[in-house]
Amino acid sequence: MASVAGGTPKARARRAPAVQPFADVRADFPVLQREINGHSLVYLDSAASAQKPRQVIETMERFYSYSYGTVHRGVYELGREATEQFEGARERIASFVGWDPACSIFTRNATEAINLVAYAWGRDNIGAGDEVLITEMEHHSNIVPWQLLCEETGARLRYLSVIDSGELSLDELDEVLAEGRVKLVAVAHVSNVLGTINPVGEIVKRARAAGAVTLVDGAQAVPQMPVDLGAIDADFYAWTGHKALGPATGLLHGRRELLQEMRPFLGGGHMISRVERDHSTWNELPWKFEAGTNAIAEAIGLGAAIDYLARIGMDRVREHERELAAYALERLPEVEGLTLYGPDGADGRGGVVPFTIEGMHPHDIAELCDREAVCVRAGHHCAQPLMRCLGVGATARASFHVYNVREDVDRLVHALGAAREVFEL
Amino acid sequence: MASVAGGTPKARARRAPAVQPFADVRADFPVLQREINGHSLVYLDSAASAQKPRQVIETMERFYSYSYGTVHRGVYELGREATEQFEGARERIASFVGWDPACSIFTRNATEAINLVAYAWGRDNIGAGDEVLITEMEHHSNIVPWQLLCEETGARLRYLSVIDSGELSLDELDEVLAEGRVKLVAVAHVSNVLGTINPVGEIVKRARAAGAVTLVDGAQAVPQMPVDLGAIDADFYAWTGHKALGPATGLLHGRRELLQEMRPFLGGGHMISRVERDHSTWNELPWKFEAGTNAIAEAIGLGAAIDYLARIGMDRVREHERELAAYALERLPEVEGLTLYGPDGADGRGGVVPFTIEGMHPHDIAELCDREAVCVRAGHHCAQPLMRCLGVGATARASFHVYNVREDVDRLVHALGAAREVFEL
Amino acid sequence: MTDALYRDYILDHYKNPRNFGELQPHDLEFHDHNPLCGDELGVHIVVEDGKVAGLRFHGHGCAISQATASITSEELVGMPVEEVSRLGADWVIEQLGIEISPTRRKCALLSLKVMRGATTGDPSWPE
Amino acid sequence: MTDALYRDYILDHYKNPRNFGELQPHDLEFHDHNPLCGDELGVHIVVEDGKVAGLRFHGHGCAISQATASITSEELVGMPVEEVSRLGADWVIEQLGIEISPTRRKCALLSLKVMRGATTGDPSWPE
Ligand SMILES: Cc1ncc(COP(=O)(O)O)c(C=O)c1O
Ligand SMILES: Cc1ncc(COP(=O)(O)O)c(C=O)c1O
Chain Y
1 MASVAGGTPK
11 ARARRAPAVQ
21 PFADVRADFP
31 VLQREINGHS
41 LVYLDSAASA
51 QKPRQVIETM
61 ERFYSYSYGT
71 VHRGVYELGR
81 EATEQFEGAR
91 ERIASFVGWD
101 PACSIFTRNA
111 TEAINLVAYA
121 WGRDNIGAGD
131 EVLITEMEHH
141 SNIVPWQLLC
151 EETGARLRYL
161 SVIDSGELSL
171 DELDEVLAEG
181 RVKLVAVAHV
191 SNVLGTINPV
201 GEIVKRARAA
211 GAVTLVDGAQ
221 AVPQMPVDLG
231 AIDADFYAWT
241 GHKALGPATG
251 LLHGRRELLQ
261 EMRPFLGGGH
271 MISRVERDHS
281 TWNELPWKFE
291 AGTNAIAEAI
301 GLGAAIDYLA
311 RIGMDRVREH
321 ERELAAYALE
331 RLPEVEGLTL
341 YGPDGADGRG
351 GVVPFTIEGM
361 HPHDIAELCD
371 REAVCVRAGH
381 HCAQPLMRCL
391 GVGATARASF
401 HVYNVREDVD
411 RLVHALGAAR
421 EVFEL
Chain G
426 MASVAGGTPK
436 ARARRAPAVQ
446 PFADVRADFP
456 VLQREINGHS
466 LVYLDSAASA
476 QKPRQVIETM
486 ERFYSYSYGT
496 VHRGVYELGR
506 EATEQFEGAR
516 ERIASFVGWD
526 PACSIFTRNA
536 TEAINLVAYA
546 WGRDNIGAGD
556 EVLITEMEHH
566 SNIVPWQLLC
576 EETGARLRYL
586 SVIDSGELSL
596 DELDEVLAEG
606 RVKLVAVAHV
616 SNVLGTINPV
626 GEIVKRARAA
636 GAVTLVDGAQ
646 AVPQMPVDLG
656 AIDADFYAWT
666 GHKALGPATG
676 LLHGRRELLQ
686 EMRPFLGGGH
696 MISRVERDHS
706 TWNELPWKFE
716 AGTNAIAEAI
726 GLGAAIDYLA
736 RIGMDRVREH
746 ERELAAYALE
756 RLPEVEGLTL
766 YGPDGADGRG
776 GVVPFTIEGM
786 HPHDIAELCD
796 REAVCVRAGH
806 HCAQPLMRCL
816 GVGATARASF
826 HVYNVREDVD
836 RLVHALGAAR
846 EVFEL
Chain X
851 MTDALYRDYI
861 LDHYKNPRNF
871 GELQPHDLEF
881 HDHNPLCGDE
891 LGVHIVVEDG
901 KVAGLRFHGH
911 GCAISQATAS
921 ITSEELVGMP
931 VEEVSRLGAD
941 WVIEQLGIEI
951 SPTRRKCALL
961 SLKVMRGATT
971 GDPSWPE
Chain A
978 MTDALYRDYI
988 LDHYKNPRNF
998 GELQPHDLEF
1008 HDHNPLCGDE
1018 LGVHIVVEDG
1028 KVAGLRFHGH
1038 GCAISQATAS
1048 ITSEELVGMP
1058 VEEVSRLGAD
1068 WVIEQLGIEI
1078 SPTRRKCALL
1088 SLKVMRGATT
1098 GDPSWPE
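Quick note, the sequences are listed as chains Y, G, X and A, same order. The first sequence begins at 1 in my numbering and counts up one residue at a time. The second sequence begins at 426 in my numbering and counts up one residue at a time. The third sequence begins at 851 in my numbering and counts up one residue at a time. The fourth sequence begins at 978 in my numbering and counts up one residue at a time.
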């Protein structure tokens, strides 16, 4: 991992201090003060959605209370302030991931960002006989839009397999690309189930050499590691604010030439240049793809979330995630009957640890963890094809963010032990 | 207007009390405490977006601070609370407009709601030779999606004209419908420029009798008058939360049979029932059309906004809007060179008053009003075809909500007088 | 301390489900899943004289969905098919004898859903 | 009290715009609008010896966009076309002599946009 500076990751793990370096940020998250069933909250479901620091909550509150107005059109002071804050947030967000703000589009969420590409780029560029290549570890949001597109256009949807280590095979990628029919490669940067960190820069390079356009689903990556879109160089990169300590707004970063030649996706206010009776012309980028009134407060809130993460430093966030994952991988096997999934070790994975326990369904695991106020997720994690590859119907999953500490893993292990007792295992 | 109980509207206007009945709600809107350029804020741009009461801001803040979690999937307490609040908000919002919650879909905004229909219903039901009928007073969000659809399908887009009174002609509607090619009628409930309250129940009835499906754009209606979707009985009804004192989330209400047979729009998490490698099956309504992570806090915030409006009573809100519009229509002509647009009188119009002043462009009007902290909008109001009908490039527009008082109109008249002085008119 | 949800008899039915497996040949069948968690449940039914003469559930799922299938299966055998088709959610929850939170409701109703699917063809969730 | 934005000379140029109207025949032309407010501006240019020999703006818009067109038109007549094509936003703002807030920037730059459109064919907004 480029982001882990100095020392081998192993050596670092051994040096891990007893006191978490991030204990100080916990005071910023009001929800952590909650007690549930007599226990303090342990939130281990950040891969689904992250909690928000007061800096984000207060930014939105302040905006709504004192500067609310619509953007780009108000000549008056409130409109000016709203526009400045909104476009300022776009600029900081774009620079956080190393991309041009004019090619950084606010969407509803990552799902809408991917659908935007499927509709506005896909329908004009994918046809019968073409292939769309995704992987077995994709989230439904990076599967279903392509199924719909392929059904409509007669193209074929193919899957790169997930090999035993929980990784993708670049050899298989080369083989499929060599057949010459792949027009689009869409792949997760980090798997939301296995945690696998995919070599997306390399995948983009090979796909481009084979003439394919690339989309990277960064929903799990941007929140937890340094991401440099200039280096990855994908044609499209989608992510979602609510997993990055922010509110509900998504981002689509795209290559300028593609965005320029694409037809618009949603039609309506703000995305037009001129509306005649029978046809219209489109606004400049990025507004061409932002129809209707934006989620203004949410974009500004995401700006505050990004500022918060940047202040901590994404290298440190990544190291924190890696360390917590390593600690969970070390401790969870203490629970009898527990099976872990995903890459060996914590170096090639994000802060996500999926597991099952023999004789106890994941749903019941999550229910019983909740008795001790430990929030873990159970289910297919919007990745049914991957579940089938793993040969399970569902898994439990613990995932981390900046506010988690090693004690949270201890609490999880304790809750799992108690759950086994309830089940008389 | 069904909502004006007792007395002729004229008689009521004469009885209007000197003290506004709504002065008491002003304390709920923190933004009204602002001073700009040494003047207290007068916000007259609610038709673009409304300010938020502290009840809405605090609901969102409380949710983010203590109950944040994703909906429908978390087995743990936070997930339960979030789901209850989110689906509870949907139920109250649906009942507020008299529709089935299962057929009430959260969208990004009204624009996305209309595009959803254009994509998911339109592409399967509109073909070459068919006609889509809209009106000259539509907002771009109810024009451009149909332009895109017609361009794609070869259908023809037609416009009902706006007659001199700023109204639609039902006779013209009948004539066009009689030609037998109209498959969809899409019309604004209330015009965002003229304020015209269209007889949408009657339009729906005639359209249905002619075999056409109907979509009503209620973006300007739901925020300011009682709306009973059961009585209007349109096939689709779209609106947007940010104009109804809420945050950025939209609503699409649809007829169950249509929503059921429609293909999904956005593909991704939560909208599926089962994802196979090559195809998927869809979740039940309304979730089939809610792909990806919802704007959860925003939906809950809109629930609080609806509660707030319901507490005041929409009959009273409507009467308040009518009265302020009447007062503005009475006072604005005092300004020399001023031209009003829209229906005569306030009974057939919402709380929206567009105007121009000879020798002063609307942009400059708005700029100079801002000197006295009076926020009015200037421009084409996302209604370029209507601007051409009116024979102007732009207008200024004042619009009202519950927090406005008669003194706000006085302040506007004063600011316009001062503006004329600056322009030496 | 007894757990309010995972009572002894629930765990017993989960671990030793009654009437689990397949029934070949059978007269009625239905298969479905819980979209939220991916649980799967199928049912095979043999009908004699308008009554459920034999019944087997199969699939995988959590303790609640599996135990519900097992517990209700004992009541369903011998019941007129017409009566089965009219069973509602309340009946299931009553059979189960525990309080079911909204989050686990679909788990508890999955077996009724497939039973009704088999007897009426109606694939919707019981209210 | 003089208004900081609506100075006397701005209002004068707005009310009595110089070089307004059409020029027939002309060598170069361009027409555009400000998508935010719908303002329209067109330009006709007559070129002689590589210089702007004649120029007329036409259209409708706010005091800032109209006055900018009028004020700059006086500088543009006689300027080498090549020089016109290199003019930037700063030049316009300087000619205008007033501070322009971000909300009014496009108003102030619309005339430069159509001038550059006419002389270079580049339809983008000046930086
Ligand atoms: C009549 C009308 N329709 C549609 C819209 C679009 O609403 P939104 O921008 O929230 O999608 C608006 C407001 O902008 C409107 O006034
Ligand atoms: C890998 C991945 N892709 C896409 C998504 C979709 O994000 P959203 O639901 O915000 O659209 C998620 C999370 O739900 C995810 O984990």
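Calculated directly from the structure, the hints in this document are not laboratory data. Wrong hints could be hidden among the right ones.
[To be verified] Residues of chain Y clear of chain G, computed beta-carbon distances all greater than 10 Å: (1) D100; (2) G127; (3) E179; (4) G180; (5) V275; (6) E330; (7) L332; (8) D370; (9) V376; (10) R377.
[Unchecked claim] Pairwise CB distance ranges, derived in the manner of DEER restraints: (11) Y/A102 / G/A843: 50 to 58 Å; (12) A/S1078 / Y/I312: 34 to 42 Å; (13) G/G523 / Y/E336: 49 to 57 Å.
For glycine and all other residues, C-beta sits at the position ideal for the given N, C-alpha and C.
Would you say the C-beta atoms of G/G523 and Y/E336 sit inside 49 to 57 Å of each other?
56 Å, holds
Given as non-interface: Y/G127, partner chain G, CB spacing beyond 10 Å:
16 Å, holds
Does Y/V275 really sit off the interface, with its C-beta more than 10 Å from all C-beta atoms of chain G?
Y/V275 is in fact no farther than 10 Å from some Cβ atom of chain G, at 4 Å.
Lying within 34 to 42 Å: is that true of the beta-carbon distance A/S1078 to Y/I312?
Holds: the Cβ-Cβ distance is about 35 Å, inside 34 to 42 Å.
Would Y/D100 pass as off the interface with chain G, using Cβ distances and a cut of 10 Å?
Holds, because the least Cβ-Cβ distance between Y/D100 and chain G comes to about 23 Å, which exceeds 10 Å.
Is the nearest Cβ of chain G still more than 10 Å from the Cβ of Y/V376?
Given that some Cβ of chain G is not farther than 10 Å from that of Y/V376, nearest at about 8 Å, it is violated.
Holds or violated: is the Cβ of Y/R377 farther than 10 Å from all Cβ atoms of chain G?
Y/R377 not clear of chain G: closest Cβ-Cβ about 7 Å, inside 10 Å.
Run the C-beta distances from Y/G180 to all of chain G and say if the shortest one exceeds 10 Å.
21 Å, holds
Would you say Y/D370 is clear of chain G, with no C-beta pair closer than or equal to 10 Å?
At about 4 Å from chain G, Y/D370 fails to clear the 10 Å cut-off, so the statement is violated.
Does Y/L332 really sit off the interface, with its C-beta more than 10 Å from all C-beta atoms of chain G?
18 Å, holds
Y/E330 and chain G, when compared Cβ to Cβ, separated by more than 10 Å
With a cut-off of 10 Å, Y/E330 remains clear of chain G, as the shortest Cβ separation is near 24 Å.
Far enough from chain G: is every CB of that chain over 10 Å from the CB of Y/E179?
18 Å, holds
Checked against the numbered hints listed earlier, the structure breaks hints 5, 8, 9, 10 and 11; every other hint is satisfied.
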